[in-house]
Each structure stands twice: as structure tokens, then as C-alpha cells.
Amino acid sequence: MVGQAETVTVGRIERPFGVKGEVKVRSLSDVPRRIETLDQVSLLATSGKVWETRVTHVRRTGTGFIVGLDGLTTPEDAAMWRGGLIQIPRGTAPMLPDGQYYECDLIGLRVQDEQGHGIGRLDDIWELPGNHVFVVHEGTKETLIPAAKDLIAGVDLEQGVMTVRMVEGLGA
Numbered sequence: 011m012v013g014q015a016e017t018v019t020v021g022r023i024e025r026p027f028g029v030k031g032e033v034k035v036r037s038l039s040d041v042p043r044r045i046e047t048l049d050q051v052s053l054l055a056t057s058g059k060v061w062e063t064r065v066t067h068v069r070r071t072g073t074g075f076i077v078g079l080d081g082l083t084t085p086e087d088a089a090m091w092r093g094g095l096i097q098i099p100r101g102t103a104p105m106l107p108d109g110q111y112y113e114c115d116l117i118g119l120r121v122q123d124e125q126g127h128g129i130g131r132l133d134d135i136w137e138l139p140g141n142h143v144f145v146v147h148e149g150t151k152e153t154l155i156p157a158a159k160d161l162i163a164g165v166d167l168e169q170g171v172m173t174v175r176m177v178e179g180l181g182a
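Residue 32 in our numbering sits at position 22 of the sequence shown; the count goes up by one each step and never skips.
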């Protein structure tokens, strides 16, 4: 089994599709044709369960993809993976230029301002028209931070910290 640090998340299973166990997938990759070229993948369920399988077919539909996975043959099988992640071994993912990161590497980072004051934990990244938004939680407080280069002062994956420039209206 491949560990989390050894994988890159390339898609999220949104829901079952049809009666043959297919799933609707949203791509989390900026790599062109990444989903269409998948072969061996790991699925990570919201429960933490991991399953190694093979992609049997992929077809584009609107902004997402319909994906067939070896071993999923019914809508009930597919429903068990709703919200799950599709991952590939890190070694098969292309290196990114400096200053660019895979979403799966950012999720879970501690977020702080430039003075070192904690803002919370990066729990999600929303893909909105125009830009992405980092969703940061500290207890019940939610802070939304646009994923804009001028707002991100630094990312240190080894230390698990993202430093942001706070501007009026972002909270903290």
C-alpha cells in the first residue's frame, strides 16, 4: 500500500453514475489529460479506507469525468466511495515549477500571518470562477483566503506552514 506522503491526489469522486458502478469525478489536477490517462490508482475513502484498483475507462462529461474502476459494478459499490480521493504515486506526477504546489500538499498546512499569529488549518480549497480560495478553520471560525500570489507570503511544506499577508476583510 502506498502512503499518503508518497501519493498525489488528482481527483475527487463526487457521486455514483448510472447502474454499472461508474463514478463522476472532478479533476483536481492542472495537468492536461491527467484523468484520461489514469491506469493504476489508489482510492482514499472519507473513512480512511484505501483501495488499489485500475481505471477501466474514462469519458469527459461537462466539467467532470465519468470513470469506470475495476471492481465497482453496482451503484451501491460506487456510493461507498462518494467524496473519496483518486491518488497516484508521487513518482508518476510531474515536478511543478517553484512556487506551485499540488492541492494535496497544501491541505492540512497550518496557516499563519506574517507576524506568526495562527489563523488555523487549511482544510479545503474551493475552485471558484476567477480563482481558488483557501478555506481555513480554527475551531468554529472559518477564514476564506483567495489563492493569490500577492497574498501568499510563503509555503514551507517541510514545516507544514503557509504564511499569508492579511488584508482588510480576510479576518484574523
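These aren't lab readings, by the way, just hints derived from the structure by calculation. Treat each hint with caution, since some may be false.
[Said to hold, decoys possible] Under the rule of at most 25 Å between Cα atoms (straight-line distance), these lysine to any residue pairs were calculated in the SDA-like manner:
#: 1; residue 1: Lys30; residue 2: Glu16
#: 2; residue 1: Lys34; residue 2: Asp108
#: 3; residue 1: Lys59; residue 2: Gln110
#: 4; residue 1: Lys30; residue 2: Arg92
#: 5; residue 1: Lys151; residue 2: Asp108
#: 6; residue 1: Lys34; residue 2: His67
#: 7; residue 1: Lys30; residue 2: Gln122
#: 8; residue 1: Lys59; residue 2: Leu106
#: 9; residue 1: Lys151; residue 2: Met105
#: 10; residue 1: Lys30; residue 2: Asp49
#: 11; residue 1: Lys59; residue 2: Arg92
#: 12; residue 1: Lys159; residue 2: Met90
#: 13; residue 1: Lys30; residue 2: Asp40
#: 14; residue 1: Lys59; residue 2: Tyr112
#: 15; residue 1: Lys34; residue 2: Val171
#: 16; residue 1: Lys151; residue 2: Arg100
#: 17; residue 1: Lys59; residue 2: Gly109
#: 18; residue 1: Lys59; residue 2: Gly72
#: 19; residue 1: Lys59; residue 2: Gly101
#: 20; residue 1: Lys34; residue 2: Gln122
#: 21; residue 1: Lys151; residue 2: Gly101
#: 22; residue 1: Lys34; residue 2: Thr47
#: 23; residue 1: Lys59; residue 2: Asp80
#: 24; residue 1: Lys59; residue 2: Pro107
#: 25; residue 1: Lys34; residue 2: Gln125
Verification of the hints:
no. : hint             : verdict
1   : Lys30 to Glu16   : 31 Å, violated
2   : Lys34 to Asp108  : 32 Å, violated
3   : Lys59 to Gln110  : 29 Å, violated
4   : Lys30 to Arg92   : 15 Å, holds
5   : Lys151 to Asp108 : 31 Å, violated
6   : Lys34 to His67   : 12 Å, holds
7   : Lys30 to Gln122  : 46 Å, violated
8   : Lys59 to Leu106  : 28 Å, violated
9   : Lys151 to Met105 : 34 Å, violated
10  : Lys30 to Asp49   : 19 Å, holds
11  : Lys59 to Arg92   : 12 Å, holds
12  : Lys159 to Met90  : 37 Å, violated
13  : Lys30 to Asp40   : 28 Å, violated
14  : Lys59 to Tyr112  : 22 Å, holds
15  : Lys34 to Val171  : 32 Å, violated
16  : Lys151 to Arg100 : 33 Å, violated
17  : Lys59 to Gly109  : 32 Å, violated
18  : Lys59 to Gly72   : 29 Å, violated
19  : Lys59 to Gly101  : 22 Å, holds
20  : Lys34 to Gln122  : 35 Å, violated
21  : Lys151 to Gly101 : 37 Å, violated
22  : Lys34 to Thr47   : 16 Å, holds
23  : Lys59 to Asp80   : 17 Å, holds
24  : Lys59 to Pro107  : 32 Å, violated
25  : Lys34 to Gln125  : 42 Å, violated
Of the numbered hints given earlier, the model fails hints 1, 2, 3, 5, 7, 8, 9, 12, 13, 15, 16, 17, 18, 20, 21, 24 and 25; all others are met.
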